[in-house]
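A.B. asks: Sequence:
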Amino acid sequence: MGDDMLSIGEIAHAAGVSRRMLRHWESIGLIAPAEVDEFSGYRRYAVTQVGRARAIAALRAVGFGLETIEVLLGPELKQQRLVELLRAREGELLAEIDTASARLREVRSRLVALQEGNATMQNICLGPLNPLRLVGLQSRVTDESEIGTAVSALLPRIRQREGQLMGADAGIVFTYDGTAEEEFVVSVGTLSPAMLEDELLHVIGIPGAEHGVTVSFDAPPASAADMWMVLDSTLEKEGLITTNIYRQLLDADGTTTFQAPVRSREPS
Numbered sequence: 001m002g003d004d005m006l007s008i009g010e011i012a013h014a015a016g017v018s019r020r021m022l023r024h025w026e027s028i029g030l031i032a033p034a035e036v037d038e039f040s041g042y043r044r045y046a047v048t049q050v051g052r053a054r055a056i057a058a059l060r061a062v063g064f065g066l067e068t069i070e071v072l073l074g075p076e077l078k079q080q081r082l083v084e085l086l087r088a089r090e091g092e093l094l095a096e097i098d099t100a101s102a103r104l105r106e107v108r109s110r111l112v113a114l115q116e117g118n119a120t121m122q123n124i125c126l127g128p129l130n131p132l133r134l135v136g137l138q139s140r141v142t143d144e145s146e147i148g149t150a151v152s153a154l155l156p157r158i159r160q161r162e163g164q165l166m167g168a169d170a171g172i173v174f175t176y177d178g179t180a181e182e183e184f185v186v187s188v189g190t191l192s193p194a195m196l197e198d199e200l201l202h203v204i205g206i207p208g209a210e211h212g213v214t215v216s217f218d219a220p221p222a223s224a225a226d227m228w229m230v231l232d233s234t235l236e237k238e239g240l241i242t243t244n245i246y247r248q249l250l251d252a253d254g255t256t257t258f259q260a261p262v263r264s265r266e267p268s
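Residues 1 to 268 (full-length UniProt numbering) make up the sequence shown, in order.
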């Protein structure tokens, strides 16, 4: 091998990539060895090809696809086409940043919810739950992931009727009944008797429970789902689990109370 030629291992090391990657790039035409020994099959590369290998690796590192890289490194590339390709990649990166930022906000929100939950679990109260007589609306969904959408559809209608009948927002009660195998019943309503005058609403009876759990917050937690998770985790240490109809009571002053019947957890 001449001094001005590199083995596949040497050019791979110089470019910071693997030999397997170089062979893949060769198979799709991005880079080709300057020589291939007809007897041994060993590949030899010119020193000047290190720059191309590094350019391919650098473009891959910032997210360009191999087809785009082939265009970018091609001899026929015009400035206008280069600008178009870079603008397209800029748009993709901005979209990725937006997505990552949204995920970061979600992670931070969940961390806050879990921290709030852990701090409040010392206020758990075990005891009977009174039956509730709500005036409100119901919706049926087939999966937990649809509960939020159902609440978002029902709540504005309840708030609107409250404003028309009472002139101000009263406390709101949300219940989630997953006792059926194939569906959830989502209820949104109020405990105010004045709402009985609204013929568009109906009475919803929520049974009491001899054994239940109650935990309250001064303000609504960042995530109700995470709150239930923390609550169940805390109850697990006591050999208990929440069950049946879950309640969330939101007072006019922002105080939020979570309630659910509990039962003994089956030994594992």
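Bear in mind the hints are in silico, worked out from the structure with no lab data behind them. There may be inaccurate statements among the hints.
[Said to hold, decoys possible] Quick list of the computed label-pair ranges, beta carbon to beta carbon:
| # | residue 1 | residue 2 | range |
| --- | --- | --- | --- |
| 1 | 139 | 23 | 50 to 60 Å |
| 2 | 101 | 198 | 36 to 46 Å |
| 3 | 75 | 54 | 16 to 26 Å |
| 4 | 171 | 99 | 43 to 53 Å |
| 5 | 191 | 142 | 50 to 60 Å |
| 6 | 160 | 210 | 28 to 38 Å |
| 7 | 83 | 252 | 50 to 60 Å |
Ideal Cβ placement from N, Cα and C applies to all residues, glycine included.
A.B. asks: Now look at each hint and say whether the structure bears it out.
C.D. replies: Going down the list of hints, with the structure as the test:
1. 139 <-> 23: 50 to 60 Å: Since residue 139 and residue 23 have Cβ atoms about 58 Å apart, the given range 50 to 60 Å holds.
2. 101 <-> 198: 36 to 46 Å: holds (42 Å)
3. 75 <-> 54: 16 to 26 Å: holds (18 Å)
4. 171 <-> 99: 43 to 53 Å: violated (37 Å)
5. 191 <-> 142: 50 to 60 Å: violated (28 Å)
6. 160 <-> 210: 28 to 38 Å: Check passed, 37 Å falls within 28 to 38 Å.
7. 83 <-> 252: 50 to 60 Å: holds (57 Å)
Going through the hint list in order, the structure does not satisfy hints 4 and 5.
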